[in-house]
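Numbering (the numbering used here), first residue to last: 235 to 376.
Since the hints were made in silico from the structure, they are not lab data. Do not rely on the hints blindly, as some may be mistaken.
[Claimed, not checked] Here are the computed lysine-lysine pairs in the BS3-like style, where the Cα-Cα straight-line distance is at most 25 Å:
(1) Lys321 to Lys281
(2) Lys370 to Lys320
(3) Lys342 to Lys304
(4) Lys354 to Lys302
(5) Lys370 to Lys349
(6) Lys302 to Lys245
(7) Lys297 to Lys320
[What the hints assert, rightly or not] Estimated spans, in silico, between C-beta atoms of each pair:
(8) Lys284 to Lys354: 33 to 41 Å
(9) Thr327 to Ile271: 15 to 23 Å
(10) Thr327 to Pro305: 40 to 48 Å
(11) Arg286 to Asp306: 15 to 23 Å
(12) Lys278 to Lys308: 31 to 39 Å
(13) Cys332 to Asp306: 31 to 39 Å
(14) Lys245 to Gly328: 16 to 24 Å
(15) Cys332 to Lys302: 23 to 31 Å
(16) Arg286 to Asn266: 30 to 38 Å
None of the values given here were measured: they were computed from a predicted structure. Glycine included, every Cβ here is placed at the ideal spot set by N, Cα and C.
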Amino acid sequence: MANKSSIISGKAISARATRGLNIGSMVIASDNSGAQIVRITGVKHGKVRKKRQQYAKLGDWVKVSVRKGKPDMKGQVFDAVVIRQKKPYRRFTGERVCFEDNAVALMKDDKGNPKGTQIKGPVAREVQERWPSVAKIAQYVL
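All chains, full assembly: derive it from the sequences and hints.
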């Protein structure tokens, strides 16, 4: 059996994703898990140069801290997937894509199962390639 990191996020996305979100960025939790606003605290399996601050981009697996939402969830730390980013990125077809907001979907476990049962708003096609279980509960995929 392959190691856990190759199972989770080993698949590359079919786009030239740009550096969209810094550590400390406040983003919308776009699912119905109970969180509304979360702060990115870390990027799992991120690749940056030594001594450079990590950044998150579309389809990345991030650690988030709940800032606004249900009172019992505030301050808790969860895994999440970035499903939308404002910063334009280029698909290999040549088109450039950007969204109106930055958004994440919270995860229940390390296997990629989402915490919520539905995602409000669109999800990028690149996220569907890497995280099929997240795209399955989305309203629509762009």
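These are the hints, each one checked on the structure:
no. : hint                         : result
1   : Lys321 to Lys281             : holds, 19 Å
2   : Lys370 to Lys320             : holds, 22 Å
3   : Lys342 to Lys304             : holds, 16 Å
4   : Lys354 to Lys302             : holds, 17 Å
5   : Lys370 to Lys349             : holds, 13 Å
6   : Lys302 to Lys245             : violated, 32 Å
7   : Lys297 to Lys320             : holds, 19 Å
8   : Lys284 to Lys354: 33 to 41 Å : holds, 38 Å
9   : Thr327 to Ile271: 15 to 23 Å : violated, 33 Å
10  : Thr327 to Pro305: 40 to 48 Å : holds, 45 Å
11  : Arg286 to Asp306: 15 to 23 Å : violated, 36 Å
12  : Lys278 to Lys308: 31 to 39 Å : violated, 22 Å
13  : Cys332 to Asp306: 31 to 39 Å : holds, 34 Å
14  : Lys245 to Gly328: 16 to 24 Å : holds, 22 Å
15  : Cys332 to Lys302: 23 to 31 Å : holds, 24 Å
16  : Arg286 to Asn266: 30 to 38 Å : holds, 35 Å
Hint compliance for this structure: hints 6, 9, 11, 12 are not met, and every other hint is.
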